[in-house]
Amino acid sequence: MPGKYFVVDTTKCTACRGCQVACKQWNKLPAEETKNWGSHQNPQDLSYNTYRLVRFNEYPAVVNSMVWYFFTDACRHCLYPPCKDEADRYVKDAIVIDDATGAIIYTDKTKGFGDKFDNVRRACPYDIPRQDAKTGVVSKCHMCLDRVSEGLLPACAKSCPTGALVFGDEEPMKKLAEARLAEAKKKFGDKAEIIDSDDVRVLYLVVDDKKKYAQSA
Amino acid sequence: MSIIQLLLGNIGQAGGGVNALRGESNVQGSTDQGLLFHILPGYLPTPAASMDTLTVYKEKTTPKTKDPMSANWWGNRPKYITSLLKAFFGEAATKDNDFGYSWLPKIDDGKPYSWLDIFDEMYNGKIKGFFSWGQNPACSGANSNKTRAALAKLDWLVNVNLFDNETGSFWKGPGVDPKKCKTEVFFLPCVASVEKEGSLSNSGRWMQWRYKAADGPGQCLPDGDIMAKLFEKVRALYAKDGGAFPEPIKGLRPELTKGGHFDPHAVAKLINGYFEADVTIGDKTYKKGTPVPAFAMLQADGSTSSGNWLYTQSYTDKNLSARRGKKDPTGLGLYPEWSWCWPVNRRILYNRASVDTYGRPLDDKKNILEWKDGKWVGDIPDGPWPPMSDTKAGKLPFIMRADGLGAIFGPGLADGPFPEHYEPLECPVEKNIMSGQRINPTAPVFKGEADAFASCDPRFPFVGTTYRVTEHWQTGLMTRWQPWLLECEPQMFVEMSEELAKLKGIKNGEMCVVSSARGKVDCVAIVTKRFKPFIIQGQLVHQVGFPWHYGWVHPKHGGDSANLLTPSTGDPNTRIPESKAFMVNVAKKGGK
Ligand code: SF4
Ligand code: SF4
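Top line first, the protein sequences correspond to chains A and B. With numbering that gives the first Met the number 0, letter number 114 in the first sequence gets 113, and the count goes up by one each step, no holes. With numbering that gives the first Met the number 0, letter number 21 in the second sequence gets 20, and the count goes up by one each step, no holes.
Since the hints were derived computationally from the structure, they do not count as laboratory data. Do not take every clue at face value.
Derived DSSO-like pairs (lysine-lysine); straight-line CA-CA distance at most 30 Å [what the hints assert, rightly or not]:
hint: 1; chain 1: B; residue 1: K579; chain 2: A; residue 2: K11
hint: 2; chain 1: A; residue 1: K185; chain 2: B; residue 2: K528
hint: 3; chain 1: B; residue 1: K257; chain 2: B; residue 2: K127
hint: 4; chain 1: B; residue 1: K587; chain 2: A; residue 2: K34
hint: 5; chain 1: B; residue 1: K531; chain 2: A; residue 2: K11
hint: 6; chain 1: B; residue 1: K528; chain 2: A; residue 2: K11
hint: 7; chain 1: A; residue 1: K34; chain 2: B; residue 2: K501
hint: 8; chain 1: A; residue 1: K210; chain 2: B; residue 2: K579
Only a predicted model underlies this, so the values are computations on that prediction, with no experimental measurement involved.
Starting from the given sequences, assemble the full structure and let the hints guide the process.
Below, the structure written as structure tokens:
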């Protein structure tokens, strides 16, 4: 499907969190009052005001004594978004698909979900949408449609210094994902995969069980 | 690192640098311009008390050689110091008054004046006033409790910064009774680096001009303007009422502080230097008041000025540091038209060491310089002379050394001649297994009450180290006020191994107290596989690590500085504090 794609190569991510902060900056999202909870991952989870979150997870490993996986988590912009299927049952076109990019956009109409929001959230295989407790509006990554439609990169991709988070048209992104996957297989073995590559516009390359990167990966 | 590169034959080669990763964008520039106590701008030694006249200074600091093959570039020192004095004092600097040499402050011979030493003197009540320009010593210096106590000994403190900080507010800090504090504190808000124009010099010596991106808020001023305004006020008071030692104050070159304003272009031009009289060199006459085109034209007779000989050529009719040309003729990343590189736009120092005696590149793939048809092609050569095969005119490549040769040891270091392994002042072992000497006998050790040390002491059994995280900058002065960054790294933490956490009954995320012989600080425990106990000389030794970005002023639950724990000792040469290896204890807060 044409339109825009991301490649997220977790093997190149240093968890600098440029993407997480750039997202907040562009979207003028307020910071949450956090505490250190025994992890560098902060805020602890996605929220109405946090569309993108870098997740940190440590595991024992054989060669080195441990591995530390970083996963910049946000909406996958599904090709056939289950969240929209569910949402359309309650409020038609509260969630829309942008023609040019394929971005999945949550409109203000999402506040009409009310207590059905939980069903919408559950419909998302990656546990992405979040509702504002006060207004009921639901939010998530919108692919920086306001930037992309002006020919700019999404704020996250623009900020990524390592080449872990890349954005572009379908063909070059798919090619890049394949090339990176081949490299990763050589270096890290056959567990390397692109998560759900036929279903989403965000192509995550992981080299271990995807659940080790995020419960909802 | 430079010894290794020298032994590998890499000095002067493309990619053969020491490539120091600096903690600030302008560390190179600050040392170039004489930030350290032992040097004036351009790496000229700071005058010592025993050098009472300019003649003695020149004699003592100018190296000599009898070897005709040695360029002995520092033989030019008299030109550079005289031009520097002319840059400081202009018309007031004349041959008859030694160009104002006697107005320069002199250090006591052999006495260090580093950060550690200054705060020790302050702690001992010997320093009365302190300008803190864009820094936060109450959190950044080793042994913060000592620093904070030292600030209370001052009569006055001027804190020039973007935000209130632990230094300016030390008098109301934890455990301090404001009523008992006599120090008068002034806070002068200044603008951030992007709110003023100027230049930065990176580790590759590229002087890069930076434009001003935005105006600063409210009444904040560039620190240069604050300095200029203060100075003009002092100068006016001297003119009106007189005062002690008026000459340097009256004599300071007017364009440095004109109208109470710091003009970065005027200062950059003065750093480049001017002809101060009509000067004829070869068959060309340079008019008084025109810029000096290159440092080879600087003079020792007062007919030129230059605030830093290394920067001559940077700003003549054009500001070369503002260039952004992207050509790379060698294909090796020298980019000769991007910014300007000292000296004389030479991108690789000692580059004549990259060729053989006939001027042919030692490495074909890294041809940065080659002698072709009677001239050098490629980078700007490190001196104009032909290759060494020309036994009359050729010169040895290490031109900054009197003997012209690279050296892996020599005089001039506090400890040496070779690098030696010593244990840190505080360490977990009784013996240095590499030699009979456990700690560096020349390391600075202060003896005051605040300078407690505890080595191999069961009260402090764990190795402590400090570091930084991506989200914060230095003491967090700028980043702790930035909500998005604070959201990512909100609070002081201590990282420890699973083994140590188990030993001390500490769970991930629990509040702990880390203590050393000098202080203690509350930290949230991060129990991680990234830390592992060491086996050192047969003993199991645990290590913990924490960042030094926090301070009690902001945010409320951020915690305080890791430097409350670190010792005031350090490297004997640079006197960089030993804050990366010292001994601590860690315990659950409220527990044992
Ligand atoms: S990832 Fe979730 S929120 Fe995003 S489009 Fe797919 S189903 Fe919807
Ligand atoms: S900006 Fe790039 S490297 Fe940094 S955390 Fe995001 S994906 Fe990783």
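Here is how each hint holds up against the structure:
{"no.": "1", "hint": "K579(B) with K11(A)", "verdict": "28 Å, holds"}
{"no.": "2", "hint": "K185(A) with K528(B)", "verdict": "26 Å, holds"}
{"no.": "3", "hint": "K257(B) with K127(B)", "verdict": "29 Å, holds"}
{"no.": "4", "hint": "K587(B) with K34(A)", "verdict": "18 Å, holds"}
{"no.": "5", "hint": "K531(B) with K11(A)", "verdict": "25 Å, holds"}
{"no.": "6", "hint": "K528(B) with K11(A)", "verdict": "21 Å, holds"}
{"no.": "7", "hint": "K34(A) with K501(B)", "verdict": "23 Å, holds"}
{"no.": "8", "hint": "K210(A) with K579(B)", "verdict": "36 Å, violated"}
When held up to the earlier numbered hints, the structure conflicts with hint 8 and nothing else.
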